[in-house]
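Residue numbers (the numbering used here): 3 to 156.
None of these hints come from the bench; they were simulated from the model.
Watch out, some of these pointers could steer you wrong.
[Stated by the list, open to error] Computed spacing ranges between beta-carbons, pair by pair:
(1) PRO84 <-> ARG12: 33 to 39 Å
(2) MET126 <-> ARG4: 24 to 30 Å
(3) PRO84 <-> PRO107: 18 to 24 Å
(4) THR122 <-> GLY32: 17 to 23 Å
(5) PHE92 <-> ALA55: 18 to 24 Å
(6) GLU62 <-> ALA86: 47 to 53 Å
(7) VAL75 <-> ILE46: 18 to 24 Å
(8) ARG4 <-> PHE129: 40 to 46 Å
(9) ALA116 <-> ALA28: 20 to 26 Å
(10) ALA139 <-> GLN79: 16 to 22 Å
(11) THR100 <-> SER42: 18 to 24 Å
Note that CB positions come from ideal geometry on N, CA and C, so glycine has one too.
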Amino acid sequence: MRRNDRAQDRAFSLSLIDRCTHGVMAVSTGEPAPYCLPLSFVRIDEDLYFHCAREGRKLELLRRFPQVCVTFVGGDQPAFVPPAMYTTYFQSAIATGTASEVEDPSEKAAALRALCQKLTPGHMEGFEAAMEKSLSATAVWKVRMETLSSKAKL
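Could you build the full structure based on these sequences and the hints that come with them?
Take a look at the structure:
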């Protein structure tokens, strides 16, 4: 990190991940340009979980290139500071790790429950019915965080 004065500690990084409704995951394509896509993540301990369809380009790439990078952006506030300074106040975290498909039904269900509790905490009454209907049709993947860093200009 070039600006060490903006580096934040691990607790800040984890808190930022927990506050963000989504992150952007970069996956290798095997060619010069990566494939980047926004996903809803939930963190359980050292793992990031996301759900998706059971097939598609993302899964084909993850099976070939499981090493990923996920970026989270918290605050992002452009500002003018008189008399002549333009800046941005921000918070960001970057995690790298290895993605793998979750096969265990109880781990899948726990990840989906945690994701729903994070994103729609006031509407958990329909969770069990939704699980019965869609668990077998839904893929869940996890990214084991191997590195984690964050920075902020507050």
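Has the hinted range 18 to 24 Å been met by the Cβ atoms of VAL75 and ILE46? holds, 21 Å
Within 47 to 53 Å or not, the Cβ separation of GLU62 and ALA86? With Cβ atoms ~50 Å apart, the hint holds.
CB-CB spacing for ALA28 and ALA116 relative to the 20 to 26 Å hint: Once the Cβ atoms are compared, 23 Å apart, the range 20 to 26 Å for ALA28 and ALA116 holds.
Holds or violated: the 24 to 30 Å window for the beta-carbon distance between MET126 and ARG4? Violated, at about 43 Å.
Using the Cβ atoms, figure out if PRO84 sits within 33 to 39 Å of ARG12. Once the Cβ atoms are compared, 36 Å apart, the range 33 to 39 Å for ARG12 and PRO84 holds.
Mind checking the hinted window 16 to 22 Å against the Cβ distance between ALA139 and GLN79? Since ALA139 and GLN79 have Cβ atoms about 40 Å apart, the given range 16 to 22 Å is violated.
Note whether the CB distance of THR100 and SER42 lies within 18 to 24 Å or breaks it. holds, 20 Å
Taking the Cβ atom of PHE92 and the Cβ atom of ALA55, is their distance within the range 18 to 24 Å? About 32 Å separates the Cβ atoms of PHE92 and ALA55, which means 18 to 24 Å is violated.
For the pair ARG4 and PHE129, does the Cβ-Cβ distance stay inside 40 to 46 Å? Distance hint for ARG4, PHE129 holds at roughly 44 Å.
Using the beta carbons of THR122 and GLY32, state whether their distance is inside 17 to 23 Å or not. violated, 36 Å
Falls inside 18 to 24 Å, the C-beta gap from PRO84 to PRO107? violated, 58 Å
When each numbered hint is compared with the structure, violations occur for hints 2, 3, 4, 5, 10.
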